[in-house]
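Visitor: This is what each chain is made of:
There are 4 protein chains.
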Amino acid sequence: MTTEPIFDTAHLAHVELFTDKPQESLDFFVDLLGLTESGREGDSVYLRAWDDYEFHTLKLTASNTTGVGHIGYRATSEAALHRRVAAIEALGAGIGWTEGDLGHGPAYRFRDPDDHVFEIYFQTRKYVAPPEERPALKNQAQRYHGRGAAVRRIDHLNLLANDVAAIKAFLPQALGSRVTEQIVLDSGELAGCWFTVNNKTYDIAYTRDFTGSRGRFHHLTYAVDQREHILEAADLFLENGVFIETGPHKHAVQQTFFLYVYEPAGNRVEIANAGARLILDPDWQTVTWTETERKKGQAWGLKTIESFHTHGTPVVPLRHG
Amino acid sequence: MTTEPIFDTAHLAHVELFTDKPQESLDFFVDLLGLTESGREGDSVYLRAWDDYEFHTLKLTASNTTGVGHIGYRATSEAALHRRVAAIEALGAGIGWTEGDLGHGPAYRFRDPDDHVFEIYFQTRKYVAPPEERPALKNQAQRYHGRGAAVRRIDHLNLLANDVAAIKAFLPQALGSRVTEQIVLDSGELAGCWFTVNNKTYDIAYTRDFTGSRGRFHHLTYAVDQREHILEAADLFLENGVFIETGPHKHAVQQTFFLYVYEPAGNRVEIANAGARLILDPDWQTVTWTETERKKGQAWGLKTIESFHTHGTPVVPLRHG
Amino acid sequence: MTTEPIFDTAHLAHVELFTDKPQESLDFFVDLLGLTESGREGDSVYLRAWDDYEFHTLKLTASNTTGVGHIGYRATSEAALHRRVAAIEALGAGIGWTEGDLGHGPAYRFRDPDDHVFEIYFQTRKYVAPPEERPALKNQAQRYHGRGAAVRRIDHLNLLANDVAAIKAFLPQALGSRVTEQIVLDSGELAGCWFTVNNKTYDIAYTRDFTGSRGRFHHLTYAVDQREHILEAADLFLENGVFIETGPHKHAVQQTFFLYVYEPAGNRVEIANAGARLILDPDWQTVTWTETERKKGQAWGLKTIESFHTHGTPVVPLRHG
Amino acid sequence: MTTEPIFDTAHLAHVELFTDKPQESLDFFVDLLGLTESGREGDSVYLRAWDDYEFHTLKLTASNTTGVGHIGYRATSEAALHRRVAAIEALGAGIGWTEGDLGHGPAYRFRDPDDHVFEIYFQTRKYVAPPEERPALKNQAQRYHGRGAAVRRIDHLNLLANDVAAIKAFLPQALGSRVTEQIVLDSGELAGCWFTVNNKTYDIAYTRDFTGSRGRFHHLTYAVDQREHILEAADLFLENGVFIETGPHKHAVQQTFFLYVYEPAGNRVEIANAGARLILDPDWQTVTWTETERKKGQAWGLKTIESFHTHGTPVVPLRHG
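Chains as they are written, first to last, in the working numbering: chain A, 3 to 323; chain B, 3 to 323; chain C, 3 to 323; chain D, 3 to 323.
Don't read these hints as lab results, they were simulated from the structure.
Accuracy of the hints is not assured; some may be wrong.
Remember, identical chains collapse to one label, so a pair may be satisfied in a single copy or spanning two.
Claimed, not checked - Here are the simulated DSS-like pairs of lysine-lysine, each with C-alpha atoms no more than 27 Å apart in a straight line:
no. : residue 1 : residue 2
1   : Lys305    : Lys140
2   : Lys128    : Lys170
3   : Lys128    : Lys140
4   : Lys170    : Lys140
5   : Lys170    : Lys23
6   : Lys140    : Lys298
7   : Lys140    : Lys297
8   : Lys140    : Lys23
9   : Lys298    : Lys170
10  : Lys297    : Lys170
Okay, chain A solo, but in the shape it has when bound:
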């Protein structure tokens, strides 16, 4: 018998990234990715894309390491939040409540099976544009400056995990996520898994961490409106000495048009465009890619670059296989 889908979690809300080159990282996110600073507190700078509706979607925190601090999701209501908290506590994954942050109210923190820290909250601080950031069209969060890649909104993130199957068992119960696509190796091992809580085709993905480390980060993605904007961004990155890892090209999995770069501290950042692709089907059946299918490379034949399988942050030595 079919159970009803869960609609308690609205969307991926923000990601905290650690950087050991805080000024260079900030310059990258503001001048080249095109984010706007909306606040500062302690060692953190709060950043947002021009059509993100909340106060911030990236919390950039100076640190002696790199990688992800925590991942925030917003619930669809106060009641939904409490349903999620109960579910997470039942999973034994809970950390506890925080008082909130510059950008939102009380949040409940928890850990995924690979020790990445998450939080979920409902009360938020919607962005109110100061006069110089007021857009010409009132249905837009903030003025469009066309600065750098001029990304529109946060899209998704990708984390590394030792046991992707454990994540696949966890997230649907914790957040109500659905698995839209996955890669299953010939050995039966789950090598990659894409999740969504809404109509986006994915808001978080996990891929296998071959190093044996825990809690590592693969990439954070912001969306632009058109594929051409990604080609323009590639030129900007080229001119500004940003390391382009791979792309622009189109993924076979999820069909996203992508460009991957490393921000100065080494965290991987993606600019992406999904076109008009959405998951509208409430009983979407997970698409499973086999090892053979994935060996074909990306959609138009680009071989997946080796570092895409090995580079995560923080950087750790590769264990022997």
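Assemble the complex: chain A is given as a structure, and chains B, C and D must be docked to it using the hints.
Guide: Using the frame of chain A, we list chains B, C and D on its own:
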């Protein structure tokens, strides 16, 4: 106190259009818009875009008139469907159950306050591509042929109504729709209203019918992945003698990049691209446009063409003032 | 018998524009159009697009008026320059030699039949990028900053003239220009004429000045690489309060994708993309558009905006017809 | 002392390709590249892109081999043609006059130093569109169908040669070509050379043939108007099982946005977009790329695929080094 949002309705599923030039209309939708025929029954041809996941999204029915036959929405589950039916019956808008159609199972029919016929269902027939329509990438419903405008999926429709405020009172209760944007005239009258049941910025819009007729149709929209595809479609329509009413340009309301044409029977068809714009905020506040603001025309200053306010199908004489 | 084509003139090189709001105009050209200042002298600022190979393509001169100062063309060789000077002198249109300017060597000045001032020269100052403007790819004149509309190179200009037929008789003899397209009214009058000296489809166009004034300016155009860049520029202009006169749309004549704005002093500026369209045929036959054909509006049906026929700089009162 | 540039050759006009799979090759060029058949004679089918102004730009000839038959250039006038013939004869490269072909009048044939066969002519047969191919806009050669990649016009070709330096010495004298870019290895050897006779940045390129064979072919290129059209073509090729060798990406040399595929007989075909890039400078200085610079790969970092250096047609065994 805030009530929880309703997630019972998954998405706009299909639209039935009447045509009194059935062969010419069919040729337009297949050769120029790029839809694929998935079935025929009685006076109807069932059509679909290449990434629509259901059997059909357009039911084109030969008739002695034009305009809309009915509008179908899919529920998020069987239980959700029955919650909606109960709500609709409580509103006194119900017509009753049908046995379903080529493309879906039992559906509950009802009328909006302007007498447009709707239906809602859960059991559906997902499209299974025959060998010649099997896509290269398995996460896509059907092969991409690049034929005509090669639209990707159904996006939204626009209906005319005498009393848009009555619709605004009705749809949120009937389907759980949210009002994302609206136009309120200086007189206080609601001139236009945009609704969504999911993360799309709208799946249905209503604008004032100044003729006093009921149940009329304004336009049906299919989405393409990139704005450039709309520019290419404009060239195709030009070469093939299709009447281009207005565009390509960008709407101020909802910021959609658009192109409006009339199919041979006179029904207005839009090709649109919304970029990466989504409504992710679960408590999105309706954006209200004033009469003064709307007099500025479209986003980049194009004056709204007169026929956009007057042409609907079926065509009726304009009433005196 | 066919005479041989003339290849003495290489290309449109630069345009001098007058502005009575010099700082606002400069801000527009640098921040919004994306030009770079390459020098200053007297009341003039010299500006260039990032892939213009010469020192400057726009000389912006503070003045008590608006409109065009002079138009510069570069010859294909020293010998070719002298052939052109001889031809111009034979036409009685010569003014005489100047010592050159910041951006080029000795130039020969002359007037067209409507009293616009032209110059032609061969010795030029090629742009040498200072370190901070050095591009990542050595086959590009200057670094790409992605600032504002980030136009690539000068494309063409459009002048007003009382007697377009007189221009059509003059330019082919003076510069060796070819007439690629023209508009002939039912009265037989030549209403518009497009000229080129090379493989571009046009580098200068003339349209009828209905005011009876002489030497007026219609617009100056810079090219971008893709149509999508023009759509992005439209958003930037909207956000920055720049007056958008018309577009984006596609011209029927020459098929250019266009966007017209007024810089702060009122001079009309166009951003354009011609796609891969070139005139490669050495004996191209002029395309003649009739009055009836032009009444269809632009390529996709946009009606030509009234001000396009009336606004030129400097602004003058309209004479009675 | 500077000599005057030569303007005797107007443009690359057509290429004859051999195919040993004539029907499959024809289907590829018509259905997927989007060319139109304009005639047939003997073993050859004559094909054209929708905005090519001549009768044909591709002569596809059934054969027991693959590769290039001959390359045609059009002169700028009858007198220019005879000047070129005299120059070619003086170089000792002449073959002699032909009576012409379906698409043009008498042509003078000659060989380049690597034994590729060329011809040059002036009298041509301009394409006259039959009623069903008449375009909506009269300044366009043929109707735009949007079929397949829907390429606009022939752009350039690339040939392999044992001694690229010998070609560099020959073409400027034979055709008046200019060398716009080149690759010089650390050994001093010329590994690649790009030539143009007009404002296009190149119409022919030569790269080193490491097999020691003569007269081989690397690729033929058609231009599309926008980079996005190349992304769409990649999807079409994917769906239709066409082998995509590399791309879409942007070349560092000449900055062309490219996609390379093999037509069914193995001849490499490129779809390209150069944006608004032109060589307008009459004394353009050749851009020289070093071996080190070329090791960086393409513009955005894509490594040049191995087969790009080895695959040519006809296919021959690789000689030992």
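Visitor: Hint numbers the structure violates, sorted upward?
Guide: 5, 8
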